[in-house]
Amino acid sequence: MPDATVLVIEDELQIRHVVRLALEREGLPVVEAESCAGGLAEAGRSRPGLVILDLGLPDGDGARFIDAFRAWSSAPVLVLSARSTEHDKIGVLDAGADDYLTKPFAVGELQARVRALLRRGRGRLDEEAVVRFGDVEVDFSLREVRRGGGPVKLTPIEFRLLGLLVGQAGKVMTHRQLLRLVWGPDASDNSHYLRIYVGHLRHKLEADPARPRHFLTETGVGYRFRL
Amino acid sequence: MRLPNLMFLMPALRSPDFPTVLRRYGLAVGVCGLTAALIFPFQPALDLPNTVMLFLLAVVLVAVLAGRGAAVLASVLGVALFDFLFVPPRFSLEVSHARHLLTFVVMLVVSLVVGQLTAGLRAQATEAARRERLARALYDLARELAGAMSVAQVADAVERFLLVRGDARGRLVLPADQGPALPCAGDGELDVPDEVLREVMADGHPSRLPRRGGRCCDLLPLAGATRNRGVLLVLRRGDDAAMAPLLEGLAALVVTAVERLHFVEVAQAAQLEAVSERLRSTLLSALSHDVRTPLTALYGLADSMLTGPRPLPEEARVNALAIRDQAFRLNGMVGNLLDMARLRSGRVELRREWQPAEEVVGASLKLLESVLAGRVLRVEGLGEQPLLEIDAVLMERVFCNLLENAAKYSPAESPIVLSAHDAGEAVEFRVVSGGTGFPPDRLEQVFALFERGQAEVPIAGMGLGLAICRTIVEAHGGRIRAFNPAQGGGCVVFTLPKGTPPPFELEAAGEVPTHA
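If you read the sequences in order, they're chains A and B. Residues in the first sequence are numbered from 17 upward in steps of one, following our numbering. Residues in the second sequence are numbered from 308 upward in steps of one, following our numbering.
Misleading hints may appear alongside valid ones.
[What the hints assert, rightly or not] With a Cα cut of at most 30 Å, we get these calculated DSSO-like pairs of lysine-lysine:
#1 LYS805(B) with LYS220(A)
#2 LYS169(A) with LYS220(A)
#3 LYS220(A) with LYS673(B)
Calculated from the structure, these hints are not laboratory results.
Could you build all of it, start to finish, from the sequences and the hints given here?
Quick look at the structure:
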């Protein structure tokens with residue numbers, strides 16, 4: 017399978033250069049654009065397998081690009097955000113972005129995120145019957161969870177939450193998305209339920225619940241599952 | 308014949324306007340006397356009936372000039388003078404003929420009736436004129452209140468309106484947050500104890516205090532749409548029944564004006580606030596973007612050199628590493644500065660949600676992975692704490708700043724301990740690190756922003772991080788302090804109030820059904 021083309025939309029030349037270097041070292045072909053409009057045009061031409069999008073573009077906010085791009089492509093979108101307000105991040109994630117990286121970022125971190133997003137693009141994890149992370153083994157076909165060889169008992173909600181997070185591994189899920197998928201559309205007032213159940217999962221499946229390695233918190237935004 | 312009973316004069320004598328009353332009755336006496344004096348020389352030429360007519364004319368005159376009471380006095384006095392001076396036997400009140408008695412009675416009755424009718428007409432005319440003045444005054448007042456640009460103008464208009472009544476004075480008392488209490492025409496009698504004012508303000512019922520000379524001081528609450536806006540004090544005659552509905556109307560007009568001014572002020576303040584808030588946040592995010600963009604490039608380029616496929620020569624590697632780390636440090640400082648600017652730029656807007664502190668600590672530790680690499684860190688007691696209503700983003704900054712300081716200013720081999728304890732109404736967090744701890748004489752100052760003499764503190768650059776921590780913790784209703792434990796090292800301890808967590812129902816016990 018040929019490697020997916022990555023479209024980098026970023027108005028700062030030097031940052032674009034850093035991103036291009038990081039991707040080319042991963043062996044990924046890169047195309048570039050400097051604006052929302054240019055990005056959309058380039059996306060139409062090159063049909064990228066992944067988009068890296070800066071949020072501070074001069075000709076509009078990223079949410080507009082994502083809206084237009086999502087109309088015809090389901091390729092993952094990684095957002096680069098220089099802003100510290102979580103509100104903007106939630107906005108683009110709810111609009112359909114898959115992940116975000118706050119500037120400044122380490123090259124290694126960018127490469128890891130890109131790998132995770134591309135892997136997810138090729139085949140969803142929840143289609144695999146058995147997923148392993150740490151000393152935990154989740155068998156989705158048998159609906160069984162084992163840790164260190166012994167069975168772990170999960171409640172139905174915990175299992176559903178685990179399935180969602182594992183299925184979207186690498187992707188940031190906002191609080192609102194998770195609440196809607198697990199508790200239904202009216203649950204947005206009960207965000208403490210989500211936090212309590214994620215806490216349960218950590219206590220049952222993480223080696224050190226205070227320092228989770230798999231069920232990561234994106235503070236103010238949501239959660240990300242990392243294999 | 309006995310002297311007429313003058314008891315009807317008594318209320319007038321008791322009234323506060325005694326001199327006016329005296330003047331009126333004096334006028335009655337004077338007019339009657341003058342009439343008698345004028346007729347007396349022509350007595351032989353004038354018949355008694357003509358004389359009677361002239362006395363009746365005098366009564367009408369008195370009734371027009373001095374009103375009912377004086378007309379009564381003039382009637383009685385006229386009859387007496389007529390009898391004494393003109394009816395034989397003259398210079399005696401004795402009556403010789405029965406027909407004279409009839410004349411007196413008729414004369415008295417006619418005088419009284421004509422006098423009362425005339426006085427009534429006059430009173431009605433006066434009342435009509437007064438009503439017209441009042442209507443005009445009310446109209447002027449409404450117009451002035453509608454155009455008033457300040458509370459002082461409102462008070463002024465009220466004062467002028469009450470002066471039209473001639474005998475009333477007013478004073479507007481407003482709480483301090485709606486401008487100063489402005490006296491219209493205050494004096495001792497318009498001073499009311501504060502607790503009485505507060506009571507009227509609180510329960511919204513009008514009240515009345517007695518004053519000297521049959522007067523009273525009305526306390527009229529200014530009942531606005533949402534709350535009472537103040538009290539209108541009116542000093543007036545106590546027996547003026549027509550005044551009460553008028554004052555109610557006056558209070559309603561005044562409260563409309565005061566409320567209008569209040570809301571104009573609120574709207575202006577809100578607009579100003581919104582404009583400056585927008586400017587501030589535009590400035591901050593522009594600054595944030597413009598500063599972070601070159602930093603991102605700097606950091607990314609240095610990191611690219613370090614992670615390239617070919618290893619760098621040792622010297623270049625060390626330099627690239629230094630560039631990357633310095634860029635990262637600079638980024639942290641810029642972040643702290645922008646955070647502080649945001650926190651200090653007015654109200655700190657907290658996005659509080661109920662969540663376990665353990666989660667926020669976990670996220671902070673993840674962010675500090677590289678800073679804490681190789682350090683021994685113990686986390687204790689966090690899993691047992693209740694949910695706290697906190698702004699996760701801001702509390703993450705608190706934990707990050709405290710842990711980063713702990714790592715930076717303690718020996719690399721010493722452990723760092725982050726612990727949480729139940730402290731009754733609050734949860735207490737402690738970050739303990741080894742080393743020399745805080746300067747003992749600056750335990751309070753380390754939290755101050757840009758404390759003078761900071762350069763002398765051996766651990767420079769600490770001020771901003773801890774100042775941010777204090778601002779955030781205090782915005783959450785908690786307290787933060789630093790001390791040096793007896794066993795050595797330093798400790799920052801802060802509390803977060805527990806509050807009342809929202810209800811949480813665990814799902815019905817049941818395990819995941821298996822297909823096995």
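Hints versus structure:
At roughly 26 Å between alpha-carbon atoms, LYS805(B) and LYS220(A) fall within 30 Å of each other, so this suggested pair holds. A C-alpha spacing of about 9 Å is found between LYS169(A) and LYS220(A), which places the hinted pair at or below 30 Å, so the restraint holds. Annotation: proposed proximity of LYS220(A) to LYS673(B) holds, straight-line Cα distance about 19 Å (limit 30 Å).
The structure shown violates none of the earlier numbered hints.
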